[in-house]
Structure formats: C-alpha cells, structure tokens
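K.L.:
Sequence:
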Amino acid sequence: MTTTSNPSTGATSDRTEEESMQCAWKDLQYEELAELQYAAAQAKKGENDDHQLTQLIQKIIQHYQDYTNNRTRRAQIDVSPFFAPVSCTPLVNSVLWIAGCRPSSFLRFAYVLCGMDIDSHLADFLQGKKVGDLGELTSKQMNMIDALQAKTIKQEKILSSKLASLQEDIVDQPIASKIINEMGECGNADEALDEHGRHMAGIMEEADELRMETLKEIVLNILKPIQAVEYLEAAKRMRLCFGKWGEKRDQQHANKLELSVD
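Counting in my numbering, the sequence shown runs from 1 upward without gaps.
In case anyone wonders, no lab produced these hints; they're calculated from the structure. Yeah, the Cβ is synthetic: ideal placement off N, Cα and C, and Gly gets one too. Certain hints may be false.
Unchecked claim - Taking CB as the label site, the calculated pair distances span: (1) E168 - Y38: 48 to 54 Å; (2) A147 - D50: 23 to 29 Å; (3) V95 - E136: 25 to 31 Å; (4) P174 - K59: 44 to 50 Å; (5) V92 - A189: 28 to 34 Å; (6) D49 - S160: 38 to 44 Å; (7) N143 - K216: 17 to 23 Å; (8) D50 - K256: 48 to 54 Å; (9) R239 - E168: 27 to 33 Å.
Using the sequences and the hints, build the whole thing.
P.N.:
In structure tokens, the structure reads:
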C-alpha cells in the first residue's frame with residue numbers, strides 16, 4: 001500500500017515555521033532594545049567604554065545577519081510570504097520594499113536623528129526622549145552619510161527595476177499560456193511559477209545584502225560607538241512602534257466596520 005504526502009500539510013508546516021521565526025525575531029527586538037537602552041545610560045555615566053559598546057553593536061549586527069541568512073534559506077522554499085508577511089500588520093506591509101525596509105531609509109533616519117530633517121524631531125517622535133550624541137555628527141560623518149545615501153539609492157533603483165521586470169513577466173510567457181485551456185480551466189503553471197519564485201528569492205537576497213551592507217556601514221564605519229548605540233535603539237523603537245500603530249489601526253478599522261454593519 002502506497003501513501004501520498006499532502007502538499008497542504010507541508011505548506012502549513014512551512015508557514016508555521018515562518019511565523020515562529022518572526023515571533024522569535026520580534027521578541028529579540030525587545031530584548032536588544034533593553035540592552036541598548038541600558039548600554040547608552042551606562043555610557044553616559046562613564047561606566048561603558050567604546051570597546052564594550054562595539055561588542056554590543058557587533059552582536060546585534062550578527063543577529064541581523066543570522067536572521068537574514070535564515071530568510072534566504074526559507075525563501076528558497078517559498079518566497080511569497082516574505083513579500084506580505086502574515087505576521088505583520090497591513091500598515092507595516094504597506095511600507096515594505098522588496099520584503100523589508102528600504103536601505104536608503106536607514107540614511108534618512110540618520111538625518112532625522114541628527115536634527116537635519118526640519119519636519120521631524122526625534123524628541124517629539126519617540127516618546128519625548130532627547131538624543132544627545134547623534135545630534136553632534138561631524139562634517140566628515142555627514143559627508144560619508146551623503147555619499148552612502150547616493151550610492152544606496154542608485155543600487156535601490158537597479159533592484160526596483162529588476163523587480164518591476166519580474167512582475168511584468170508574470171503575465172508573459174510561459175505563465176500566460178497556462179490560462180488558455182479548451183475546457184476553460186487553469187493549466188498547470190507550477191514549473192513556471194517555481195522559476196518565477198526563484199528569481200524573486202534572488203532579488204530578495206540582493207535587497208537583504210544591500211540592507212545589511214548599508215546598516216553595517218552606518219553603525220560600524222560612520223558613527224561613533226555611542227552614536228551607533230543610540231541609532232540602533234531609536235531604529236528598534238521605530239520598528240516596534242510601527243507594529244503597535246498597525247495593530248491599533250486594525251482594531252479601529254474593525255470597530256468602524258462593526259458599527260457600519262449594525
């Protein structure tokens with residue numbers, strides 16, 4: 001007697017593993033935020049030196065690298081969930097760029113934090129907390145950030161163009177031919193969609209590499225250790241706040257829907 005595997009069971013298992021990975025990653029963000037807050041406070045008291053701060057920064061970067069590597073591995077199995085993660089709110093998904101943050105937004109955030117963005121002030125934006133050292137970037141640091149931003153935006157445009165081409169290909173051959181069937185049914189497009197998925201996974205991997213390279217350049221080569229700690233702390237606050245804002249808006253929208261039905 002032969003047994004057949006159920007494809008839906010495998011898909012469910014994959015999604016469960018992905019959700020578990022995302023939950024673990026979110027928990028880690030809270031842990032790292034607490035570590036960064038403590039390290040910054042200790043540094044301002046003179047109880048943490050640059051070496052200790054650098055060790056913390058490198059540990060956090062390694063965690064991000066491990067997470068990225070895991071994403072790459074998972075995307076080889078099924079890339080689609082990374083472009084609209086069920087673990088994220090619609091608000092968060094609406095601002096994603098190739099399954100993550102735009103690398104240039106890392107630079108934009110640095111401008112905001114050092115007070116160069118006239119429309120935003122971190123003290124008002126992130127729970128009234130004043131950022132000290134990030135407001136004291138040198139002209140050399142600012143020039144480095146400017147150069148990195150220009151380079152990053154150029155690379156983003158290349159990847160965006162690749163993604164656009166892939167999205168256009170979805171209605172081209174050989175996938176388009178699968179909708180033509182004498183019986184009026186959908187043809188088998190698994191092989192073509194698998195190929196498309198592999199290309200999408202490749203673009204996501206390139207985007208993740210650009211994100212990693214940009215972040216490393218900011219926190220390891222441009223900012224001083226205490227500045228990098230404050231930058232990472234603020235970035236994690238931003239990420240976690242977006243999640244909470246998304247959940248709040250989802251609940252508000254659900255309440256409005258219930259009222260409109262009643």
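K.L.:
Against each hint, give a clear statement of whether it holds in the structure.
P.N.:
Tested hints:
Our hint of 48 to 54 Å for E168 and Y38 holds, since their Cβ atoms are close to 49 Å apart. Restraint check, A147 to D50: a C-beta distance of roughly 24 Å satisfies the suggested window 23 to 29 Å. V95 and E136 have their C-beta atoms about 29 Å apart, which keeps the hinted 25 to 31 Å range intact. Between P174 and K59 the beta carbons are some 47 Å apart, a value that agrees with the proposed interval 44 to 50 Å.
A hinted range of 28 to 34 Å holds for the C-beta pair V92 and A189, which are about 30 Å apart. Checking the proposed 38 to 44 Å range against D49 and S160 shows it holds: the Cβ atoms sit about 42 Å from each other. A hinted range of 17 to 23 Å for the beta carbons of N143 and K216 is consistent with their spacing of about 18 Å. Checking the proposed 48 to 54 Å range against D50 and K256 shows it holds: the Cβ atoms sit about 51 Å from each other.
The supplied range of 27 to 33 Å is met by R239 and E168, whose beta-carbon atoms lie about 31 Å from each other.
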